[in-house]
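Student: Each chain is listed here by its residues.
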Amino acid sequence: MSKASPDRIELLQGTLDMLILRTLLFGPAHGHQIAKHIQRTTDEVLKVEHGSLYPALHRLERQGWIAAKWETAGKDQKREFKYYRLTATGRKRLLTEESKWKQLTHAIARIMWPAEES
Amino acid sequence: MRWHRQRDEDLDRELRAHLDLEAAEQQAAGLPAEEARHAARRLFGNATLVKETTREVWVWTWLERCRHDLRYALRILRKSPVFTAVAVLSLALGIGANTAVFSLLDAVLLKQLPVRDPEQLRILTWVHNDKVPLHSHSGYGMRDLKTGEFISGSFSYPAYQAFYRNLPQFSDLVAYAPYQLTVTAGGTSDYADGQFVSGNYFRGLGVQTLIGRPLRPQDDTPGGPAVVLTYRYWEKRFGADPEVIGRQIVVNQQPFTVAGVLPPAFQGLFPGQGVDLFVPIETVKALGVPWYSLTNADSWWVQVFGRLKPGVSDAQAEAAVRATLGGSIRDYAGKVSDAAIPQVRLASGARGVGLVRARWSSRLYILSVACGIILLIACVNLANLLLARATGRQHEIAVRLSLGASRARLLRQLFTESLLLASVGGVLGVLLAKPLAAVVLHYWAGNGSGTLDARIDARSLAFTFSLALLTAVLFGLAPAWRTTRIDLSPAMKGGGRGAAGSIARARMGRLLVSAQVALSVLLLVGAGLFVRTLVNLSKVDLGFRPERLLTFQTDPSRNGYHGQKLADLYTRLRQRIAAIPGVVSVGMSHVGLIEGSETDDGVYVPGRRVRPSDESNLLVCSDSFLETMRIPVVMGRDLSSSDGPGGPLVAVVNETFAKQYFSGKNPVGETFFLGDPKDTASLAGPIRIVGVAKDAHYTGVRETVPPISYLPYTQRTENLRQMTFAIRTVLPPLSIAGAVRRAVAGIDSTIPVADVRTEEEQIDDSLGTERLFAGLVSSFGALAALLAAIGLYGVLAYSVARRTAEIGIRIALGATRGNVQWLVLRESLLTVSLGLLLGAPAAFALTRLVKSMLYGVTPADAVSFAGAVLLMIVVTAIAAWVPARRAARVDPMVALRYE
Chain V
12 MSKASPDRIE LLQGTLDMLI LRTLLFGPAH GHQIAKHIQR TTDEVLKVEH GSLYPALHRL
72 ERQGWIAAKW ETAGKDQKRE FKYYRLTATG RKRLLTEESK WKQLTHAIAR IMWPAEES
Chain P
128 MRWHRQRDED LDRELRAHLD LEAAEQQAAG LPAEEARHAA RRLFGNATLV KETTREVWVW
188 TWLERCRHDL RYALRILRKS PVFTAVAVLS LALGIGANTA VFSLLDAVLL KQLPVRDPEQ
248 LRILTWVHND KVPLHSHSGY GMRDLKTGEF ISGSFSYPAY QAFYRNLPQF SDLVAYAPYQ
308 LTVTAGGTSD YADGQFVSGN YFRGLGVQTL IGRPLRPQDD TPGGPAVVLT YRYWEKRFGA
368 DPEVIGRQIV VNQQPFTVAG VLPPAFQGLF PGQGVDLFVP IETVKALGVP WYSLTNADSW
428 WVQVFGRLKP GVSDAQAEAA VRATLGGSIR DYAGKVSDAA IPQVRLASGA RGVGLVRARW
488 SSRLYILSVA CGIILLIACV NLANLLLARA TGRQHEIAVR LSLGASRARL LRQLFTESLL
548 LASVGGVLGV LLAKPLAAVV LHYWAGNGSG TLDARIDARS LAFTFSLALL TAVLFGLAPA
608 WRTTRIDLSP AMKGGGRGAA GSIARARMGR LLVSAQVALS VLLLVGAGLF VRTLVNLSKV
668 DLGFRPERLL TFQTDPSRNG YHGQKLADLY TRLRQRIAAI PGVVSVGMSH VGLIEGSETD
728 DGVYVPGRRV RPSDESNLLV CSDSFLETMR IPVVMGRDLS SSDGPGGPLV AVVNETFAKQ
788 YFSGKNPVGE TFFLGDPKDT ASLAGPIRIV GVAKDAHYTG VRETVPPISY LPYTQRTENL
848 RQMTFAIRTV LPPLSIAGAV RRAVAGIDST IPVADVRTEE EQIDDSLGTE RLFAGLVSSF
908 GALAALLAAI GLYGVLAYSV ARRTAEIGIR IALGATRGNV QWLVLRESLL TVSLGLLLGA
968 PAAFALTRLV KSMLYGVTPA DAVSFAGAVL LMIVVTAIAA WVPARRAARV DPMVALRYE
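The listed protein sequences derive, respectively, from chains V and P.
Sequential numbering from 12 applies to the first sequence in the working numbering.
Sequential numbering from 128 applies to the second sequence in the working numbering.
Incorrect hints may appear among the rest.
Only some residues are given here: those of chain P computed to face chain V with a beta carbon under 8 angstroms [stated by the list, open to error]:
| id | residue |
| --- | --- |
| 1 | 172 |
| 2 | 181 |
| 3 | 184 |
I should point out that these hints are in silico values taken from the structure, not numbers from a laboratory.
Using N, Cα and C, we set each Cβ at its ideal position, and we do this for glycine too.
Throw the hints in and build the complete structure from the sequences for me.
Tutor: Next up, the structure:
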């Protein structure tokens, strides 16, 4: 993560929550891993600010969509990390968010590229 | 707070782990360790800001949810105003009544005196036994309910002085004695509740004055006397004038200087029994109280409390007090056995002297139980209403649960609603508590309650708050639990109707109504007993005619009138009052009838074997007394003006006296003696019986009529003191009160005219407790029955609505309207019967506790029980009738179309 490069995009408001939930669908992860995963999967296009990652994680935990537990990492038995995992309600939440997102992107796409859509 | 700290540490740890990982990555990319850490930190950005925003997530979401829940609850409650009104009002009444009774209970039983270190105070008492050589003893004794011993709190003044000199176990010892005084100031005279106190009284208690100074040991001299006023008296008598300090007032004809005024919280040592002013104990003689001797160790009249030094045990101090007391007794009685020295008991003085407490506590406990029941009923009623409403919201809740709302979240929301109801009820309850407490105090006004420190203070508010919280839990939790535990799919499909969970909910509703019925029966039986007691008491034939009688009290002996001079004054007063237009006749007696006090003495009839219980009540009165009260003389003659000081001693006795001492034979012309029959020297007489009067009540309405001797005051001038005047008029009695005052002032304006009221008021006041109980418990009972009826109606109406389809099928298959009505009535009957079966035995067990308050009825009074049960059946039948009719009117076609 060097200085902001021009081809990086700021995350849309509210989408970070959905991305975190989606990331956790693969299994428990800690904050660092989540941030790295999002960046790596999008080829470093999406940039996750720590200033919004941790509040978002805690907000999701507070809502009961994810749950946290301190555990040692597989290779490093000495150090403990706070692992987040998806809860049942979190899974439901992800589905609603996802369908909402789909609707939104389709709607936007229809306006932006009317010809291609039809 | 702990929760917050833990969360903070947690966050720190999490962020540190992240930084370490980042640094490790940088290091792996080839940076040296130190630089790698810096790079990681740089990349991370402002760590503190990250922490701050993360922390805010928690606080805000919590507050947000509270706000949401509250707004949601408000919206829901606003949507059903009738439900909200019933809920809030019944809660307000329950909480208000409990707060009012608590504030009284607190003032009488719980609150500590507003003095320094109240827990160190000990009241000195001793246990009565026959061997104590004691001749003059002034009251303040009481029977200990637990041990059955008779405890007295009076000592002689020399004994107190010996305690003060010889007992190092106490850091201070104080003497005091209550006494009624006449205060003349600003041109008027009135009675005041005085207290003789040793000069170290205020030092011993650690009480300061509001203005001026307290009494000091150097004030305790027969001359140069000073007084200290209580706040209440200062307000009432001197208009709270701060200039009163240093002013001269006249107490029992002696000039005193006002030294100070006490703070409002301090009302002496007797909670509920007020004091007006404190005077130095050395002035007893100057104030004309000869029977309170400062030198005679055989005259026991002062009460003593001490401040026990830390580290001294009560037993040690008791032994020391007893040794000193023994010395004092031997000073006047010579050698006496050790058994003649009474056992000494130290009682805690932290809450004041317990006489009032004993008299009040049982009534207050009964009131608390009644109030507790009414609150419980309000809770049960609310639980039922909430349950019914929850069923209406079943669909909504099912939808929310299936959309992913957690059950805890829903529970919290429903509970917020209960909490809101309870809080509003609590606030209204506090507003209601003050007038309710005032009502109770009004009925008990005759018991010195005017000075009771029964404010709605922080303690009562804390009580109310906990009560409101408790009620919210009681009525809110069960329905909320029930509501959120539903099977989703049928609830979603059927819109609530016919759902399986609703059967359990109906059962719970019926049980709650049964509980309400049971509690209502408790109150109604109590109401029946108290109402019948009051009716019996008001039907008692008093033996005299109380209508159109004005009474007042006076005691000119404190204005310097004694003996013959006082007797002559009374004769003149009587003539002057008799001359007022509208006055038929004027009678006087040393205590008024039904006033609650009495005088009695032993009786000795020559030639008759003496029994220990040979006693007679005495009434020292004028020759016009029996006629004025309309007590008929059935044999012989009435007292007459010719029964003067020089003539033979005479008396009129009542029928009970004649029956007891002359076995019903005509006693006119016979003689008897008054005094201790075992001690011939004490006997006064012979007294010749000149007439027999019909039995009439003397002390109170409840007491059976004892033997009474009516004695002319003209023949007992040596001990003559106060008199109660009874004036029979043809006018409304109170309309001549002004003329009576002017008549008395026309003879001597310093003579106080106190307690002006009608005889009927006097009788009513004496039944204040009974009227209060009958009124309060009846209204509680009626309210309880009403709430139970509402509850039953709700349950049945719901049940009919739920079973509309079933009823439709039944009618379609040929059931008659009667069959259908019976279906509903049977449900009601089962519910009510269960309540009655629970309530009646509980009432049977509880009413025994109020036995001592009843008159003319037994605790198991069949009329009260039958009345309560019948009333409950009628009320609930009316409540069941409406849903039963609705069920009978179900149209099978319409009902079945719903399915």
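Student: Hint by hint, say whether it matches the structure.
Tutor: Results of checking the hints against the structure:
Checking residue 172/P against chain V: minimum C-beta separation of about 6 angstroms stays under 8 angstroms; hint holds. Look at residue 181/P: its Cβ gets to within about 5 angstroms of chain V, closer than 8 angstroms, so that hint holds up. Contact between residue 184/P and chain V, as hinted, is supported at the beta carbon level, the nearest pair being about 5 angstroms apart and thus within 8 angstroms.
Violation of the numbered hints given earlier is absent; every hint is satisfied by the structure.
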